[in-house]
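Colleague: Letter by letter, the chains look like this.
There are 2 protein chains.
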Amino acid sequence: MGDLERINHVADIIKAEASSRHKVVVVVSAMSGVTNRLVDNCHQISAIHDPREYDAVVSSGEIVTAGLLSIALQDRGIDARSWTGWQLPIETDRSHGRARIENIETIELNNALSKGQVPVIAGFQGISPDKRITTLGRGGTDTTAVAVSAALRAERCDIYTDVDGVYTSDPRIVSAARKLDRITYEEMLEMASLGAKVLQTRSVELAMKHRVTLQVRSSFSENVGTLVCDEEDIVEKETVSGITYSRDEAKITLMGVDDRPGVAASVFGALADSNINVDMIVQNVAEDGSTDITFTVARADLELANDVIANKSGVGCREMTSDSSVVKVSVIGVGMRSHAGIAQTMFRALADKGINIQVISTSEIKVSVLISEEYTELAVRSLHTAYGLDAE
Amino acid sequence: MGDLERINHVADIIKAEASSRHKVVVVVSAMSGVTNRLVDNCHQISAIHDPREYDAVVSSGEIVTAGLLSIALQDRGIDARSWTGWQLPIETDRSHGRARIENIETIELNNALSKGQVPVIAGFQGISPDKRITTLGRGGTDTTAVAVSAALRAERCDIYTDVDGVYTSDPRIVSAARKLDRITYEEMLEMASLGAKVLQTRSVELAMKHRVTLQVRSSFSENVGTLVCDEEDIVEKETVSGITYSRDEAKITLMGVDDRPGVAASVFGALADSNINVDMIVQNVAEDGSTDITFTVARADLELANDVIANKSGVGCREMTSDSSVVKVSVIGVGMRSHAGIAQTMFRALADKGINIQVISTSEIKVSVLISEEYTELAVRSLHTAYGLDAE
Numbered sequence: 001m002g003d004l005e006r007i008n009h010v011a012d013i014i015k016a017e018a019s020s021r022h023k024v025v026v027v028v029s030a031m032s033g034v035t036n037r038l039v040d041n042c043h044q045i046s047a048i049h050d051p052r053e054y055d056a057v058v059s060s061g062e063i064v065t066a067g068l069l070s071i072a073l074q075d076r077g078i079d080a081r082s083w084t085g086w087q088l089p090i091e092t093d094r095s096h097g098r099a100r101i102e103n104i105e106t107i108e109l110n111n112a113l114s115k116g117q118v119p120v121i122a123g124f125q126g127i128s129p130d131k132r133i134t135t136l137g138r139g140g141t142d143t144t145a146v147a148v149s150a151a152l153r154a155e156r157c158d159i160y161t162d163v164d165g166v167y168t169s170d171p172r173i174v175s176a177a178r179k180l181d182r183i184t185y186e187e188m189l190e191m192a193s194l195g196a197k198v199l200q201t202r203s204v205e206l207a208m209k210h211r212v213t214l215q216v217r218s219s220f221s222e223n224v225g226t227l228v229c230d231e232e233d234i235v236e237k238e239t240v241s242g243i244t245y246s247r248d249e250a251k252i253t254l255m256g257v258d259d260r261p262g263v264a265a266s267v268f269g270a271l272a273d274s275n276i277n278v279d280m281i282v283q284n285v286a287e288d289g290s291t292d293i294t295f296t297v298a299r300a301d302l303e304l305a306n307d308v309i310a311n312k313s314g315v316g317c318r319e320m321t322s323d324s325s326v327v328k329v330s331v332i333g334v335g336m337r338s339h340a341g342i343a344q345t346m347f348r349a350l351a352d353k354g355i356n357i358q359v360i361s362t363s364e365i366k367v368s369v370l371i372s373e374e375y376t377e378l379a380v381r382s383l384h385t386a387y388g389l390d391a392e
Numbered sequence: 001m002g003d004l005e006r007i008n009h010v011a012d013i014i015k016a017e018a019s020s021r022h023k024v025v026v027v028v029s030a031m032s033g034v035t036n037r038l039v040d041n042c043h044q045i046s047a048i049h050d051p052r053e054y055d056a057v058v059s060s061g062e063i064v065t066a067g068l069l070s071i072a073l074q075d076r077g078i079d080a081r082s083w084t085g086w087q088l089p090i091e092t093d094r095s096h097g098r099a100r101i102e103n104i105e106t107i108e109l110n111n112a113l114s115k116g117q118v119p120v121i122a123g124f125q126g127i128s129p130d131k132r133i134t135t136l137g138r139g140g141t142d143t144t145a146v147a148v149s150a151a152l153r154a155e156r157c158d159i160y161t162d163v164d165g166v167y168t169s170d171p172r173i174v175s176a177a178r179k180l181d182r183i184t185y186e187e188m189l190e191m192a193s194l195g196a197k198v199l200q201t202r203s204v205e206l207a208m209k210h211r212v213t214l215q216v217r218s219s220f221s222e223n224v225g226t227l228v229c230d231e232e233d234i235v236e237k238e239t240v241s242g243i244t245y246s247r248d249e250a251k252i253t254l255m256g257v258d259d260r261p262g263v264a265a266s267v268f269g270a271l272a273d274s275n276i277n278v279d280m281i282v283q284n285v286a287e288d289g290s291t292d293i294t295f296t297v298a299r300a301d302l303e304l305a306n307d308v309i310a311n312k313s314g315v316g317c318r319e320m321t322s323d324s325s326v327v328k329v330s331v332i333g334v335g336m337r338s339h340a341g342i343a344q345t346m347f348r349a350l351a352d353k354g355i356n357i358q359v360i361s362t363s364e365i366k367v368s369v370l371i372s373e374e375y376t377e378l379a380v381r382s383l384h385t386a387y388g389l390d391a392e
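Top to bottom, those sequences are chains A and B. With our numbering as the guide, the letters of the first sequence map in order to residues 1 to 392. With our numbering as the guide, the letters of the second sequence map in order to residues 1 to 392.
Please keep in mind that the hints were generated in silico from the structure rather than gathered at the bench. Hints should not be assumed to be uniformly reliable.
It does not matter which identical chain is used: a pair holds within one copy or between any two.
As the list claims (entries may be wrong) - Within a straight-line C-alpha distance of at most 25 Å, the following computed DMTMM-like cross-link-like pairs (lysine to aspartate or glutamate) qualify:
{"id": "1", "residue 1": "131", "residue 2": "238"}
{"id": "2", "residue 1": "131", "residue 2": "79"}
{"id": "3", "residue 1": "131", "residue 2": "102"}
{"id": "4", "residue 1": "115", "residue 2": "50"}
{"id": "5", "residue 1": "131", "residue 2": "105"}
{"id": "6", "residue 1": "353", "residue 2": "158"}
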């Protein structure tokens, strides 16, 4: 949420919703830049800081928005009141900075709703068993909204963002990208984790678990957004829903590794011990008792990963190379489960443009390939066309 | 409190105190400008706003400071933690925006102190019986500090401000003004209410009621500040402690008012009904069955006061005049109780400079006069010299 103008604008939206006989509960984030500034303050005071104090500091932005929005709603004749995480309460575990919601007390919310009041809840935060303020981490306000929706068995949870829905691909790259009317939770999860930064993975997981129908929509337009829902709620399902890409990738190749049991475990165990997430993994067929292993990590982890393998894994190899000028491009669609040939269309489309595939990984509903970063736009546009996703 | 540098500086001060075997409890205000910005936000959203939401919004600044200061203390090896008003809790009444503290729960504070922890309390706020956040109004952080000191029976309550103590007069006007070592609660109350903006009246009243010894000192210097304490704790007491002035005055004169019972009640009753505070009042001896009434109000209330008298008081007069170019100058000292001639010294000193006195009012420990504003500096300096207060 932005500045005061934006609060007034959101109040207008809520007024329209509340006037159309809907019972409305609002969950708000901090005004733009506020939380980042508070996070910076903590880092400037001390590089290492007590996460409980960090949470007390960074949770304040949402409380301010909740109060201001309540005032704006009252100014429009709507009975509204703000709620902090500790007032409801929203009970979480003790994992400060990335707490998980354990229970949302709905007595007060239901009381408010039954007397026609609009509750405005400060997102992103809760209270621990020690009565300390906790925060939920990145995308925490979306998570709060979904959890509140689940607790109240809400008909729908509308997530207002700065985009007007979920697109078949990044409109900045693919001018022919289309807004999707509906998408399944599973697809949205792949979209979220693969770089389409509309919704955080965690809030989608929570929505899927509790079958909360989400609508991703813009606070700047009245357009209908994209519904994120169960597969069975989508009548006409396209095979492929979208093409995504992620530049946050780096590739490491170990050549001439001993081909014996336990080698992979040593490599990836050492990386896991250093909290390095490994994504795609390929191991070639062994020749002469030795093999090559290629895998990808987040770009920010590349240096650390190289160090861990060289010094801590206890695995020898003839040569280790790494490359951070790679991109992961993915084709996503639940329809893949029942359609053959999806991957083949991808490989052919890329081959036609002369794009070399470095690594491939697949799941039930996606195919991802690692390619040289310079081909990003070309690959994404070609695949968008190849799967018939272009807007007419 | 100012920016992050200031937080670090305050952490250094607290470390020094805590290292000298003192048990320390800290009460913090918001960083400079933060609360004013939040107040502005509320006003911008709506001229009339729910005081409960206002409190939720404007109370956030102190929580941020408490968290950041705790981090800064931990960074210096001191065990510290932040406390919000609702966590302790600090229980107040329901008067949002100007709530009164009813109880401070000290169990948690004493637990923390007994294990050597430094509690850092967010000032200015508490929690109402309805579990809503309340704020204490202007100077609320000082009030919290005094109330916490009283609840814990603290040896002393140090108030860190941007001045290094209480002076015999405003050093910007009187270059010879001296810092006082000690001053009584009663004198400090007169100083506070008469325009020396060091401490809010309410925190001094509370300190007096609970016999909490205050020290007003600067966070920018190591100098000893001014102790505010009981009269009996001051051995060598000067007759006059200080000369103060207040420009926030306006004078209204009603000429030719009927001299009959109930007229004054009508005038001042009507003003009270409109929440206008009347300060000095003079009524001349009646001539020919009519009299003149002169009184002062805050400058901001002048227009409203004129309107109330003309249209709502039901009192007729021959003529009504008002003047907002006046200033109230006061001589303050508990020694006046036992010394005669204090007022006479004042009147003579002003007469010697040709300054005309418009209204006089006195109490046990002060004499105030209303004079033309243009004589402010001359009057204050002359009185400072006349009472022997000038530094050598």
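Colleague: Hint by hint, say whether it matches the structure.
Modeller: Evaluated hints:
In this assembly of identical chains, residue 131 and residue 238 lie within 25 Å of each other by CA distance neither inside one copy nor across copies; the values are 48 Å within and 51 Å between. Taking the shortest alpha-carbon separations for residue 131 and residue 79, only the inter-copy value of 19 Å comes in at or below 25 Å, while the best intra-copy value is 29 Å. Taking the shortest alpha-carbon separations for residue 131 and residue 102, both the intra-copy value of 14 Å and the inter-copy value of 22 Å come in at or below 25 Å. For the identical chains of this complex, residue 115 and residue 50 are inter-copy neighbours only, at 18 Å across copies versus 41 Å inside a copy, given an alpha-carbon limit of 25 Å.
Both within a single protomer and between protomers do residue 131 and residue 105 lie at most 25 Å apart by alpha-carbon distance, with minima of 15 Å and 15 Å respectively. In this homomeric assembly, residue 353 and residue 158 never come within 25 Å of each other (Cα to Cα): the closest approach is 40 Å inside a single copy and 74 Å across copies.
In the structure shown, a violation is registered for the earlier hints numbered 1 and 6, in ascending order.
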